[in-house]
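There are 2 protein chains.
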Amino acid sequence: MKKKVTIYDISKKLNISAATVSRALNNHPKINYKTKELIHKTAKELNYKQNTLARALKSGKTKNVGIIVPYINSNFFSSVIRGIEEGLSPEGYHVIICQSHEDVSIEMKHLTTLLNAQVDGIFMSISKTTEDTAHIESALMSNTPIIFFDRKKDLTGISSITIDDYRGGYIATEHLIKQGCKRICHFSGDLRLEIYQNRYQGYVDALKDHNFPVKNEHVISTTSSVDGGIDATKKLWKLTQKPDGIFSASDYAALGACQELKKMKIKIPEDVAITGFSNEPFTQYMELPITSVDQTPDLMGKISAQVFLEYVNENFSGISIEKKVVLTPQLHIRKSSKRR
Amino acid sequence: MKKKVTIYDISKKLNISAATVSRALNNHPKINYKTKELIHKTAKELNYKQNTLARALKSGKTKNVGIIVPYINSNFFSSVIRGIEEGLSPEGYHVIICQSHEDVSIEMKHLTTLLNAQVDGIFMSISKTTEDTAHIESALMSNTPIIFFDRKKDLTGISSITIDDYRGGYIATEHLIKQGCKRICHFSGDLRLEIYQNRYQGYVDALKDHNFPVKNEHVISTTSSVDGGIDATKKLWKLTQKPDGIFSASDYAALGACQELKKMKIKIPEDVAITGFSNEPFTQYMELPITSVDQTPDLMGKISAQVFLEYVNENFSGISIEKKVVLTPQLHIRKSSKRR
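Going down the list, the sequences are from chains A and B.
Converting from the first sequence to the numbering used here requires adding 498 to each position, the first position being numbered 1.
Converting from the second sequence to the numbering used here requires adding 498 to each position, the first position being numbered 1.
With the rest of the complex left out, here is chain A (with noise of 0.2 Å):
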């Protein structure tokens, strides 16, 4: 077998510090160009490869962590991930981005080239399709450490930082009974998430704590956009009992209510009022301002930041962690559902 080339070589050939090599290797800016390309033209020469993982296998560390959400285009994940960054940038940490889409498999494959690529840690979102959840425990074995956020599933040895979607969805709901509304329908979102499930319950659970009826057809499962919302408003409006309250699951889905009722020369609040749910920025910016529940994604991403230094401070030695930390949402109230 060949012997492997080494920075040694090359520092010997061109009778420069091995350091100076190894810097010129790891693109550090003090190299300079000349150097670098002399460094890197002989590496090539003598063909060279650089072994990263060897690197961080000595060190145990990357100082990379890699987060996996659904999508990047909300301000909820975009948040809670600038949080995340908030809090690991002061100790050294990079962070890698990957969006599942909502498709498992390539939530399963984003996993691996994570684990691939040596990161200290994964902070995950759960896609929408992901039911069984082999692959998350199979890439536990390999002692990296996992975070859950939002969205999760209750698995051994994986901390969550999630919100209080229940209460969420309760309050929206009795803030709209407080309102005066008496038939309040929900856009539910996908039932398959645990999230959704929660903040449907909630609604539920303060419809029938304030004597309320709960009516099947009252609730619409809707994706969270536009036109979801747009289509959910067209369903309801058939009924013969047309509802006046809506508490949507999401802001996207309120925002299309409000334009779908507005076409339709319905008055918001007053003869259906609305919230929505995460706060997204432009439901303060429209024309009518929505109500929505804040999930503090700021505080989600720090609180996640720093259950994950928690670990690595325990040095993750065999000792499972494992913490649930549930913050409270905030209900912000605004035009779309203030009738008092």
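Treat the hints with caution; some may be incorrect.
Chain copies aren't distinguished; within one or between two, either way the pair holds.
[Stated by the list, open to error] Computed cross-link-like contacts, PhoX-like style, restricted to lysine-lysine with a CA-CA straight-line distance of at most 25 Å:
no., residue 1, residue 2
1, 760, 833
2, 833, 559
3, 510, 836
4, 607, 542
5, 680, 760
6, 760, 676
7, 561, 765
8, 510, 680
9, 542, 510
10, 542, 511
11, 607, 539
12, 607, 626
13, 833, 761
14, 510, 800
15, 676, 740
16, 763, 833
I should point out that these hints are in silico values taken from the structure, not numbers from a laboratory.
Starting from the known structure of chain A, arrange chain B on it as the hints suggest.
Then chain B, alone, in the frame of chain A:
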């Protein structure tokens, strides 16, 4: 030196085929959980270290590409990323995303991280603070193709996909002139970036071509934020001759102007006509929808992916392919500027 443990040692010990061991260690979905568990346990006992890099070097491909953007929480960047993913996923590529937060030193570190992770290509939009480009030139030497989109520097060997920002600035300004505006001011963004320089130049030339004077006090450098727009508006409305048109190089700053002018009871578009830039989704949801320049980010992402695939197919064999694709922006005219 102790002999390195290989997949074959695990295979022999468990009497399971090496292929199955390999697939289990790579978290293949077809291998059942029990087998995976057994194999991972044994790998750990034998102190087996998976050498991803070696594997990647063997095939020459990791099928991962990296994207570095200033930030993900704008519709523009998240749409370009989506376009790149849509272009590459049919070819089996996965996308890893990093944010520089406009900091060249973070951008540098991400570049090194991505190279170390042996990505097959890097797409990047440079940060505001990227003046020196030695880190990018250094990275180029590793033979990993780099493709710039939107924010770029002119470097040999790097393709770029941009929009014609000059034209965007020109048509937005000309539109305001045609609406009857006489004193058009400009929120310029950070003029260290080529994109903002070009939008500014488009503004200047449109004024000149229509025989309007270009006044220094009419150009304000703003951040791309609502607060930036509010501050700039306050500053401008201290002038004796008030402006009657604003071309903002940022939609967020345009929104800030709308808010501040509304506070001052100034009518839009009658007293002041406003156009933004980027066609962020909120511009159309507003009480007063904002005219804006669409940068076709989805198309930008798809073409970036295409250009990368051309590199790969040419095998990047020492040939320097350099493409400069420039897309044409589209003006979406809405209420904020429509007087006629």
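The hints, checked one at a time:
1. In the homo-oligomer, the alpha carbons of residue 760 and residue 833 lie at most 25 Å apart both inside one protomer (14 Å) and across protomers (18 Å), since each shortest distance falls under that limit.
2. Taking identical chains as interchangeable, the C-alpha atoms of residue 833 and residue 559 are never at most 25 Å apart, the minima being 50 Å within one chain and 54 Å between chains.
3. Taking identical chains as interchangeable, the C-alpha atoms of residue 510 and residue 836 are never at most 25 Å apart, the minima being 76 Å within one chain and 71 Å between chains.
4. In this homomeric assembly, residue 607 and residue 542 come within 25 Å of each other (Cα to Cα) only across copies, at 22 Å, whereas the closest approach inside a single copy is 31 Å.
5. Taking the shortest Cα distances, residue 680 and residue 760 sit within 25 Å of each other inside one copy (21 Å), while across copies they are farther apart (36 Å).
6. For the identical chains of this complex, residue 760 and residue 676 are intra-copy neighbours only, at 23 Å inside a copy versus 32 Å across copies, given an alpha-carbon limit of 25 Å.
7. When the C-alpha separation of residue 561 and residue 765 is checked against a cutoff of 25 Å, the pair qualifies neither within a copy, at 54 Å, nor between copies, at 53 Å.
8. For a Cα distance limit of 25 Å, the shortest separation of residue 510 from residue 680 qualifies neither inside one copy, at 83 Å, nor across copies, at 70 Å.
9. Proximity of residue 542 and residue 510 under a CA criterion of 25 Å is satisfied intra-copy only: 15 Å inside one chain copy versus 37 Å between copies.
10. For the homomeric pair residue 542 and residue 511, the shortest alpha-carbon distance inside one copy (13 Å) is at most 25 Å, but the shortest distance between copies (39 Å) is not.
11. In this assembly of identical chains, residue 607 and residue 539 lie within 25 Å of each other by CA distance solely across copies; the values are 22 Å between and 34 Å within a copy.
12. Proximity of residue 607 and residue 626 under a CA criterion of 25 Å is satisfied intra-copy only: 16 Å inside one chain copy versus 33 Å between copies.
13. Taking CA atoms no more than 25 Å apart as the test, residue 833 paired with residue 761 passes in both settings, with 18 Å inside one copy and 18 Å between copies.
14. Taking the shortest alpha-carbon separations for residue 510 and residue 800, neither the intra-copy value of 47 Å nor the inter-copy value of 46 Å comes in at or below 25 Å.
15. For the identical chains of this complex, residue 676 and residue 740 are intra-copy neighbours only, at 19 Å inside a copy versus 47 Å across copies, given an alpha-carbon limit of 25 Å.
16. In the homo-oligomer, the alpha carbons of residue 763 and residue 833 lie at most 25 Å apart both inside one protomer (17 Å) and across protomers (21 Å), since each shortest distance falls under that limit.
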